[in-house]
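Line order of the protein sequences matches chains X and B.
Everything in the first sequence is counted per my numbering, starting at 1 for the first residue and increasing by one.
Everything in the second sequence is counted per my numbering, starting at 1001 for the first residue and increasing by one.
Read the hints as simulated data drawn from the structure, not as lab findings.
Here are the simulated DSS-like pairs of lysine-lysine, each with C-alpha atoms no more than 27 angstroms apart in a straight line:
#  : chain 1 : residue 1 : chain 2 : residue 2
1  : B       : Lys1366   : B       : Lys1313
2  : X       : Lys108    : X       : Lys137
3  : X       : Lys247    : X       : Lys154
4  : B       : Lys1177   : B       : Lys1220
5  : B       : Lys1061   : B       : Lys1118
6  : X       : Lys428    : B       : Lys1366
7  : X       : Lys108    : X       : Lys139
8  : X       : Lys154    : X       : Lys248
9  : X       : Lys395    : X       : Lys317
10 : B       : Lys1313   : B       : Lys1416
11 : B       : Lys1313   : X       : Lys108
12 : X       : Lys311    : X       : Lys450
13 : X       : Lys154    : B       : Lys1061
14 : X       : Lys108    : B       : Lys1352
15 : X       : Lys108    : B       : Lys1366
16 : X       : Lys108    : B       : Lys1337
17 : X       : Lys211    : X       : Lys293
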Amino acid sequence: MQPDELDLITRDEAPILETMRSIYSAIPMHHLAAIHGKIAGAMVVANAITDALPLIHGPVGCAFQRKLNPFTLSSTFYDSPCTNLNNVDVVYGAEEKLSRAIVECDEKYSPGLIMVITTCTTDLIGDDIPAAVLKAKEKVGCDVVYSTGDSVGKSRPVGIQDSLNSIADQLICREDVERNEGSVNLINSPTQRNANKLLEMAGLLSQMNIKINKICFDHTTTKDMLDLARADLNIIGYRMSWAELMKKRMGTEYCQITGWHRYNQKKDPETISPYGLAGSTRVLKEIAQIMGKEGEAESVIEKSRTAVLSKLQSASKELQGIKVAVPVGFSLNLLKDIGVDVAALIYRTQTLTHGVTDRAIQEIERANLSLAEIYDYHPELLINPTPKEELEAFKRLNINLVVAPAKIAHFYNRVGFRTVDLNEFAQKEMSVGFLPSLKLCRVFREAMGKMRVRSPLLDLMEFDEGISNLTPHWAKIALSFHHLRSTKFSQSSYHHFHGLAGVALNEHNI
Amino acid sequence: MSIIYDPLHDCKMVGALRAFHGISDSMTIIHGRNGCHCGALLLQTLSSEQNSVRILFSGLKSSDEVYSGEERLASAIRLADRTFSPRAIAVLNCSAPAIMGEDVAGLQLLLEDEIEAKLIAMDAGGPEGPAWLGYEEALSRLVSQMRINEGEPKKGINLLGFKADDFCSQGDITEMKRMLLDQGLLVNCVLSGSSFEQMQKAPQAELNVLLGGDGLECAKAMQEQFDIPYIAVPYPYGLNKSIQFVETIVEAMGKQADPRILVQEKERTKKTVERAHMFFQGIYSTPVAVIGESGRAFDLAEFLSEELGMDVKLLAISSCNYSTTDRMNATDAPCRKMMVEPDRHDMNLALKDAAVSIIFGSSFEKRIASELSASLVRLSYPILDQISLSNLPYAGFSGIASISESIINSILNRNKDEIRA
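Just need the whole structure built from these sequences, with the hints factored in.
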């Protein structure tokens, strides 16, 4: 998307779109009871580029099942042509078939980009994919890239990371690029495809005389992807292998706004979150410094910050001192801005154990408690509490509001606790800038003013003691899944770990 | 001949899954990569009873593709047995392990005495074929688990070709059983929509009845092994098909259908039509398209054409069965144009050309329906964006009301201002 096309962004999404997302939120995907697989991730990327067409090099099932988008179940990948591999292809190879399929895709669909996505079948039979693609490229009028899932190690989600890395490697990184001096790319996740939350940041950077080269993903085309090469800096939300590759191959710097790398340098807890007034100020200054615009940045940041701060004083008045229980991971900076009192921190470590070491888990705990202390919060830390322990603690602490996703809200509501679901805010609003703090005020005020849910029908159901958002049957399915994927799979019994309830999953931890 | 293919149907693994998952106290283990498991889990979770999804993953990792995943699979089988206590465990050997040559049959023998559940293993690699072949093979695999009690007289019929994850399947099977019970016929077993024990008793039936022609391999195997004859009946959409369903089965059992009951059903249907007869008049000649599996779509198209008077401009068979060729060659085709397992892109072009007002199809026809501003009546597998909790049938005499409701409401509900010219 070009900066002058910003009007294309839908500023006010219809509420039904969020409801369409949340209706699937209780389905235990995202490593809870299933892993999407690399094809799904690659399909997300192909789908996020408006004129791209995925071509699945595999049998029909890989194409048919992949129409389901496990990242966003409310959207479907309607176009998923495949090479329709059969047993003969498995024996004799299917490189020629792939080359001809690419040409056919070009003739039939006229895309701007064909993304060849390999499957476990073609990975195993050892087709020479680069050679097949190269041969076809001579005959088509569009760009062609291939994604095999092998280029990014275990960088998650593998399918998304690998296909973006492939695009960078095979398309973006090149020599004959006319640079857009002094410009940056703002890059969000292809799962979101909504640049709305980057608008304030784009505006602030423009005021600092930092040009916006591209914002993606939102109405992103193949040409936009090619033009990413023109910027001096990629501003990325989380670790992206393709940004690292662009730095290596083209010298394009990147600034990763979330992640623990900054904290690890100085063990400064205030560097954990890039959000809220404090976090945003820090990140904006950092970008300005990289771009050599410190002078311009100072006044722009101060002006916007002061304006929002003044509005916050009245907007957050009724939230002052409200005791909230929050899962570890949500930005304490933002909570500080709106004046609530973080009285309980719930730390659920079980899903983290699959990608994070024990030492890192302890470091996350330490860093969050240190930050709480700096903000003069004195929360009680509940580590993997059972449902009973959690409710008892909330009563003792006189919690007014529990930050919990809708799928487990009934669990708190039935005993009188109000809840607030911050998933929509995190998906659509939480970004570098000062306005999110004001928006969060509104979300909390609405939650406090909402009618109490006194007798949810969901209370008729039996939920698992340990994983309270799942029934006992589904909890067993989820636990079996984790056990069978673990290195201890050969043990005949598996341990029943507690407290996966309420684990918020987003691009940072999937 | 075209190489690229955007399929309307799934692979062998999902066909087999649909058959095995219908055994209500079974577990199915997907021995494949995580994408296969994720797809299978989602298809069942979004299309059937969420409290009864019984799918596990063997946990196969890429490193297992080098060193073998048999140990991991053995662990999954043991875990499934001890944790869920199923009566049967089906293992579906997907593309990667099938190519690797995993000895799943050997594993079956090895674990047979160790686990309580009956183990059924089957190769279901993607390149091996389409879903309907997987369904047929999986059903026929159940035959070896069946037991006949020689001392017990044979009684009733089995219904084969039932798919528990079809939309309104619970309502449909209840209605079919009612229609047969009204004629004094008991349903002995539904394949697959029974417990493992009920399935084992399938040989106690006098007749196997194939719904829409699905389940032929199983019927043939049962005929050979247990001397049970079989017949195919239409999937009973509408009045004529329901009567044909009842009469064909009753006659195959050597009886005559009770005409009084059929008259009562006709009278009931008449009253249904009377309540909205102006709309029934109004939908006459509506141009429509039907997209669905062979075992359902031909009969649906005939109902729409012959009884509702609709103009079926396109019939696209998303997935075949052994009867498809015969149905295609029938003299009175219920449609102007027919496509069999077409490429989706080609089918969409045909739909545009056909200029239809209503598409009878699956969730995956949502976009083309929207593009053509046509109404989408969800009737065909997979339906992943609509649920049915009321147990109302679409099939049988009782199904006429609900299917007609869906059709008429799909037009009445439209907002004219949202429709493109």
